[in-house]
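J.: Sequence:
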Amino acid sequence: MHKNMWMFLLVIVGIFLFYLIQKEDDVITKANVIIYTGGKTSSEKEITDIKTLESLQRVREQIKWNRYIEVKMARQEDAKLVIFKQGKQQMPEKVIQYRIWFEHTDIGATIISNDPAENVGTLNKNNAKTLEDIIYQK
Numbered sequence: 539m540h541k542n543m544w545m546f547l548l549v550i551v552g553i554f555l556f557y558l559i560q561k562e563d564d565v566i567t568k569a570n571v572i573i574y575t576g577g578k579t580s581s582e583k584e585i586t587d588i589k590t591l592e593s594l595q596r597v598r599e600q601i602k603w604n605r606y607i608e609v610k611m612a613r614q615e616d617a618k619l620v621i622f623k624q625g626k627q628q629m630p631e632k633v634i635q636y637r638i639w640f641e642h643t644d645i646g647a648t649i650i651s652n653d654p655a656e657n658v659g660t661l662n663k664n665n666a667k668t669l670e671d672i673i674y675q676k
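Per my numbering: the sequence shown = residues 539 to 676.
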């Protein structure tokens with residue numbers, strides 16, 4: 539009986555550790571930003587600073603995604619953000635592209651992702667301001 543209990547406990551701890559390892563490996567390694575002004579590309583840059591990438595990850599975690607709607611925006615996006623994520627060990631780098639519209643209303647930003655698991659998302663004003671500061675390096 540004790541042997542079964544120890545085996546069960548060992549399996550639970552193993553699953554928990556596996557989950558933690560998988561979660562921590564999913565990090566943004568760099569990001570490319572394209573800023574549009576007047577319908578044209580006005581600037582491009584690469585973000586590699588660790589603190590900025592961590593801030594970007596925290597903001598990204600606050601996006602409220604809706605996988606089941608289709609959206610067409612009336613104007614061109616304000617910026618395009620391409621992130622490069624290192625996923626699980628032994629896996630290739632994942633590239634996700636985000637088109638971003640800053641709304642300056644209660645909905646701080648609308649984001650369209652090329653990742654079908656995300657699709658269309660929104661950020662509240664505070665998180666949109668943080669994202670805007672990262673993109674425009676304010």
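Just so you know, not all the hints are guaranteed correct.
Unchecked claim - With beta-carbon atoms standing in for the labels, derived distance ranges: (1) Lys-589 to His-642: 19 to 29 Å; (2) Lys-610 to Leu-548: 24 to 34 Å; (3) Glu-592 to Thr-643: 24 to 34 Å; (4) Asn-604 to Met-543: 38 to 48 Å; (5) Asn-570 to Met-611: 17 to 27 Å.
Said to hold, decoys possible - Okay, derived cross-link-like pairs now, SDA-like style, lysine to any residue, Cα gap no bigger than 20 Å in a straight line: (6) Lys-589 to Tyr-574; (7) Lys-618 to Val-551; (8) Lys-663 to Gln-600; (9) Lys-589 to Met-611; (10) Lys-610 to Lys-583; (11) Lys-618 to Asn-662; (12) Lys-663 to Asn-604; (13) Lys-667 to Val-620; (14) Lys-663 to Trp-603; (15) Lys-623 to Gly-646; (16) Lys-583 to Asn-604; (17) Lys-568 to Gly-646; (18) Lys-663 to Lys-623; (19) Lys-589 to Trp-639; (20) Lys-583 to Met-611; (21) Lys-578 to Lys-618; (22) Lys-618 to Val-633; (23) Lys-578 to Arg-613; (24) Lys-667 to Gly-625; (25) Lys-610 to Lys-568; (26) Lys-663 to Asp-653; (27) Lys-602 to Gln-675.
It is worth saying that the hints were derived from the structure and are not from the lab.
Where is the CB? At the ideal position from N, CA and C, for every residue including glycine.
J.: It remains to establish, for every hint, whether it holds in the given structure.
T.: Each hint, compared with the structure:
Taking 19 to 29 Å as the suggested C-beta distance range, the pair Lys-589 and His-642 conforms, at roughly 26 Å. Here the CB-CB span from Lys-610 to Leu-548 is close to 52 Å, at odds with the stated 24 to 34 Å. Taking 24 to 34 Å as the suggested C-beta distance range, the pair Glu-592 and Thr-643 conforms, at roughly 28 Å. Look at Asn-604 against Met-543: about 44 Å separates their beta carbons, and that is inside 38 to 48 Å.
The hinted range of 17 to 27 Å is satisfied by Asn-570 and Met-611, whose Cβ atoms lie roughly 21 Å apart. Restraint check: the Cα-Cα separation between Lys-589 and Tyr-574 comes to about 25 Å, which exceeds 20 Å; the hinted pair is violated. Restraint check: the Cα-Cα separation between Lys-618 and Val-551 comes to about 41 Å, which exceeds 20 Å; the hinted pair is violated. Between the alpha carbons of Lys-663 and Gln-600 the distance comes to roughly 11 Å, so the proposed pair stays at or under 20 Å and holds.
Between Lys-589 and Met-611, the direct Cα distance comes to roughly 32 Å. Violation of the 20 Å bound is thereby established for this hinted pair. For the hint linking Lys-610 to Lys-583, the alpha-carbon distance of about 26 Å lies beyond 20 Å, and the restraint is violated. Annotation: proposed proximity of Lys-618 to Asn-662 holds, straight-line Cα distance about 18 Å (limit 20 Å). Under the criterion of a C-alpha separation no larger than 20 Å, the hint pairing Lys-663 with Asn-604 is consistent with the structure, at around 18 Å.
Simply put, Lys-667 and Val-620 have alpha-carbon atoms about 18 Å apart, close enough for the 20 Å limit, and the pair holds. Restraint check: the Cα-Cα separation between Lys-663 and Trp-603 comes to about 16 Å, which is no more than 20 Å; the hinted pair holds. For the proposed pair Lys-623 and Gly-646, the alpha carbon gap of about 25 Å is over 20 Å, so the pair is violated. With a C-alpha separation of about 29 Å, the suggested pair Lys-583 and Asn-604 falls outside the 20 Å cut-off, and the hint is violated.
Annotation: proposed proximity of Lys-568 to Gly-646 is violated, straight-line Cα distance about 24 Å (limit 20 Å). Taking the CA atoms of Lys-663 and Lys-623, the gap is near 25 Å; set against the 20 Å cutoff, the hint is violated. Pair hint Lys-589 plus Trp-639 does not hold up; C-alpha atoms about 24 Å apart against a cutoff of 20 Å. Under the criterion of a C-alpha separation no larger than 20 Å, the hint pairing Lys-583 with Met-611 is inconsistent with the structure, at around 24 Å.
The straight-line distance between the Cα atoms of Lys-578 and Lys-618 is roughly 12 Å, inside the 20 Å bound, and the hint therefore holds. The suggested pairing of Lys-618 with Val-633 holds, with an alpha-carbon distance near 13 Å, which does not exceed 20 Å. For the hint pairing Lys-578 with Arg-613, the CA-to-CA distance comes to about 12 Å; that is within 20 Å, so the pair holds. Restraint check: the Cα-Cα separation between Lys-667 and Gly-625 comes to about 27 Å, which exceeds 20 Å; the hinted pair is violated.
Using a Cα cut-off of 20 Å, the hinted pair Lys-610 and Lys-568 is violated, with the two alpha carbons roughly 28 Å apart. A C-alpha spacing of about 23 Å is found between Lys-663 and Asp-653, which places the hinted pair above 20 Å, so the restraint is violated. Annotation: proposed proximity of Lys-602 to Gln-675 is violated, straight-line Cα distance about 24 Å (limit 20 Å).
Hint check: violations occur at hints 2, 6, 7, 9, 10, 15, 16, 17, 18, 19, 20, 24, 25, 26, 27; the rest are consistent with the structure.
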